[in-house]
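Two chains, two frames, some hints: make the complex.
For the record, the sequence lines run as chains X and G. Read in order, the letters of the first sequence are residues 1 to 111 in my numbering. Read in order, the letters of the second sequence are residues 1001 to 1113 in my numbering.
Don't read these hints as lab results, they were simulated from the structure. Be aware that one or more of the hints could be misleading.
What the hints assert, rightly or not - If you want a taste of the chain G side facing chain X, the calculated C-beta under 8 Å gives, among others:
#, residue
1, H1029
2, F1033
3, Y1048
4, V1053
5, D1063
6, A1067
7, S1073
8, F1091
9, G1096
10, D1100
11, G1107
Said to hold, decoys possible - Only pairs whose alpha carbons sit at most 20 Å apart, straight line, appear in this in silico SDA-like list of lysine to any residue:
#, chain 1, residue 1, chain 2, residue 2
12, G, K1098, X, T94
13, X, K26, G, W1099
14, X, K56, G, W1099
15, G, K1098, X, D93
16, G, K1024, X, R41
17, G, K1098, X, S51
18, X, K56, G, D1100
19, G, K1098, X, V44
20, G, K1024, X, K56
21, G, K1024, G, G1096
22, X, K26, G, R1109
23, X, K26, G, K1024
24, G, K1098, X, L48
25, G, K1098, X, N30
Claimed, not checked - Beta-carbon label-pair distances, calculated as ranges:
#, chain 1, residue 1, chain 2, residue 2, range
26, G, P1081, X, R54, 47 to 55 Å
27, X, S58, G, R1109, 29 to 37 Å
28, X, R60, G, N1052, 36 to 44 Å
29, X, R60, G, D1056, 31 to 39 Å
30, G, R1041, X, E55, 29 to 37 Å
31, G, T1038, X, T67, 28 to 36 Å
32, X, E5, G, P1008, 30 to 38 Å
33, X, R80, G, A1002, 35 to 43 Å
34, X, E55, G, R1009, 36 to 44 Å
35, X, E5, G, P1084, 36 to 44 Å
36, G, H1010, X, S12, 23 to 31 Å
37, G, P1008, X, T20, 35 to 43 Å
38, X, N38, G, T1111, 32 to 40 Å
39, X, L75, G, T1076, 22 to 30 Å
Owing to the predicted nature of the structure, the values given are computational and were not obtained by experimental measurement. For glycine and all other residues, C-beta sits at the position ideal for the given N, C-alpha and C.
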Amino acid sequence: SQQGEEDPQALSIQEGENATMNCSYKTSINNLQWYRQNSGRGLVHLILIRSNEREKHSGRLRVTLDTSKKSSSLLITASRAADTASYFCATGDTGRRALTFGSGTRLQVQP
Amino acid sequence: DAGVIQSPRHEVTEMGQEVTLRCKPISGHDYLFWYRQTMMRGLELLIYFNNNVPIDDSGMPEDRFSAKMPNASFSTLKIQPSEPRDSAVYFCASKGTKWDTQYFGPGTRLTVL
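The shape of chain G in the complex, shown without the other chains (with noise of 0.2 Å):
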């Protein structure tokens, strides 16, 4: 199996811009996370779906963020319009439903200039 995988690895963007990332899960894990790292505030969920239903958003930093899981097999976390304060790694996780183990991707690192 490939593993997580993510997509670009690296974006570098401008103030206000649309940036969507991108993330294909194991295939036949049902869970699938995003997280955000930070030097300041470390990892962070920002969401999770299971069977791809958002099951808990509450860590989504505000309205300028979205996610969406479209099928089993890919989901895209969309930052609109985009801040400096948005640059971090962000990772996404998959695992199934028997285990708790989590399999991360190698993450997108941003930057908003």
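Same shape as in the complex, but just chain X (with noise of 0.2 Å):
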């Protein structure tokens, strides 16, 4: 079952312009990951921020979780065509070592 619901399900922007993706979760976790999807391929890793971090920044994206809200939010900064892409936000507790993977958020960059 899912965990998350990622919210917009959809978002359609103009390159340079920055896009920001939410996702809402339901129990505790021991940390959260975000992954980019490329049409018809797997799962890339982006950014991982543990349930002690608030905020968390690698190069273009920037990762915030607030914990009492059980909520994440990815923002890319100054996007670009090659962000077009789904991407999903992924929680891990404790005693499970498995993800579990939200609903996704279509990206689109238009150039």
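Next up, the structure:
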């Protein structure tokens, strides 16, 4: 079953704009991860944030985590056409080593 | 490293046939996961192994599905008999003990006619 719901389901922006995706989850977590999936391909890990962290940066990516609200957001700054993909949040807990994935956000960056 | 390797990349079969999907994890990774992705249900965990031992198979939909990991470098997911509703993309992923990041293979797109 899916742990997280992502919002929006689809997002279309122009190159150079920022893209923000949100993820909500239901249970206690140890970490939250974001993955990207290009059409017809496997998932690629982008960034991980632990439950005791509030914000993390990696290049043009910024992730925030609010454990009190059970939510996270992924910000992609200065988007490029190559950022076009589906983005998934995934949660991990302390007991179970597997990840539970959200429903995903389809991002389209128009050149 | 070649990453996680899956075969075949595409499989088209007829209802009732046996299907076997294969996965080679990244060398040194001791966790292996099988996921299924459909439009309706998204990305679902089917089963995962630790040190070749199945740990959680609660996501395996029914007895028609079985998975094995005979050694650290090979795993199979078998569907027998296959049904049209099994049509999906099946992903294999692996990770090391010290890390939470999972590395995904390219997936096998299964179509059951």
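Each hint, compared with the structure:
Checking H1029/G against chain X: minimum C-beta separation of about 12 Å lies over 8 Å; hint violated. Using the Cβ-Cβ criterion of 8 Å, the hint placing F1033/G at the interface with chain X is satisfied: the shortest such distance is roughly 6 Å. Residue-level restraint check for Y1048/G holds (minimum Cβ-Cβ distance to chain X is 5 Å; threshold 8 Å). Evaluation of the V1053/G hint against chain X yields a violated restraint, the C-beta minimum of about 12 Å exceeding 8 Å.
Annotation: D1063/G was flagged as interfacial toward chain X, and the flag is violated, the nearest CB pair being 20 Å apart, outside 8 Å. Proximity of A1067/G to chain X is violated relative to the hint, the smallest CB-CB distance being about 13 Å (cut-off 8 Å). The restraint placing S1073/G at the interface with chain X is violated, with a minimum CB-CB distance near 19 Å, outside the 8 Å limit. Annotation: interface hint on F1091/G holds; nearest CB of chain X at approximately 6 Å, less than 8 Å.
A least Cβ separation of about 11 Å between G1096/G and chain X goes past the 8 Å threshold, and the interface hint is therefore violated. Given hint, D1100/G at the interface with chain X, holds; its Cβ is 5 Å from that chain's nearest Cβ, closer than 8 Å. Given the 8 Å rule on beta carbons, the hint for G1107/G holds: about 5 Å separates it from the nearest Cβ of chain X. For the hint pairing K1098/G with T94/X, the CA-to-CA distance comes to about 13 Å; that is within 20 Å, so the pair holds.
For the hint linking K26/X to W1099/G, the alpha-carbon distance of about 23 Å lies beyond 20 Å, and the restraint is violated. Note on K56/X and W1099/G: the hinted pairing holds, with a Cα-Cα distance of about 17 Å set against a maximum of 20 Å. A hinted pair counts as satisfied when its Cα atoms are at most 20 Å apart, and K1098/G with D93/X qualifies at roughly 14 Å. Note on K1024/G and R41/X: the hinted pairing holds, with a Cα-Cα distance of about 17 Å set against a maximum of 20 Å.
A C-alpha spacing of about 17 Å is found between K1098/G and S51/X, which places the hinted pair at or below 20 Å, so the restraint holds. A distance of roughly 16 Å separates the Cα atoms of K56/X and D1100/G; the hinted pair therefore holds under the 20 Å criterion. Pair hint K1098/G plus V44/X holds up; C-alpha atoms about 19 Å apart against a cutoff of 20 Å. Taken as a hint, the K1024/G and K56/X pair is broken in the structure, with Cα atoms around 32 Å apart against an allowance of 20 Å.
Restraint check: the Cα-Cα separation between K1024/G and G1096/G comes to about 14 Å, which is no more than 20 Å; the hinted pair holds. This hinted pair does not check out: K26/X and R1109/G have alpha carbons roughly 30 Å apart, beyond 20 Å. With a C-alpha separation of about 33 Å, the suggested pair K26/X and K1024/G falls outside the 20 Å cut-off, and the hint is violated. Straight-line distance between C-alpha atoms of K1098/G and L48/X comes to about 14 Å, which keeps the hinted pair within the 20 Å bound.
Between K1098/G and N30/X the alpha-carbon distance is near 14 Å, which keeps this suggested pair within the 20 Å criterion. In this structure the supplied range 47 to 55 Å holds for P1081/G paired with R54/X, their Cβ-Cβ distance being about 50 Å. Roughly 30 Å separates the CB atoms of S58/X and R1109/G, a value that falls within the hinted 29 to 37 Å. As the Cβ distance of R60/X to N1052/G is approximately 39 Å, the hint placing it in 36 to 44 Å holds.
Between R60/X and D1056/G the beta carbon distance is about 35 Å. The supplied range of 31 to 39 Å therefore holds. R1041/G and E55/X have their C-beta atoms about 32 Å apart, which keeps the hinted 29 to 37 Å range intact. Range check, T1038/G to T67/X: about 30 Å between beta-carbon atoms, so the 28 to 36 Å window is met. Range check, E5/X to P1008/G: about 33 Å between beta-carbon atoms, so the 30 to 38 Å window is met.
Look at R80/X against A1002/G: about 28 Å separates their beta carbons, and that is not inside 35 to 43 Å. E55/X and R1009/G have their C-beta atoms about 38 Å apart, which keeps the hinted 36 to 44 Å range intact. In this structure, E5/X and P1084/G break the distance hint of 36 to 44 Å, their C-beta atoms being roughly 28 Å apart. At about 30 Å, the beta-carbon gap between H1010/G and S12/X stays in the expected band of 23 to 31 Å.
Here the CB-CB span from P1008/G to T20/X is close to 38 Å, well matched to the stated 35 to 43 Å. Take N38/X and T1111/G: their Cβ atoms lie about 21 Å apart, and the range 32 to 40 Å is violated. The hinted range of 22 to 30 Å is not satisfied by L75/X and T1076/G, whose Cβ atoms lie roughly 40 Å apart.
The structure fails to meet hints 1, 4, 5, 6, 7, 9, 13, 20, 22, 23, 33, 35, 38 and 39 from the earlier list, while all remaining hints are met.
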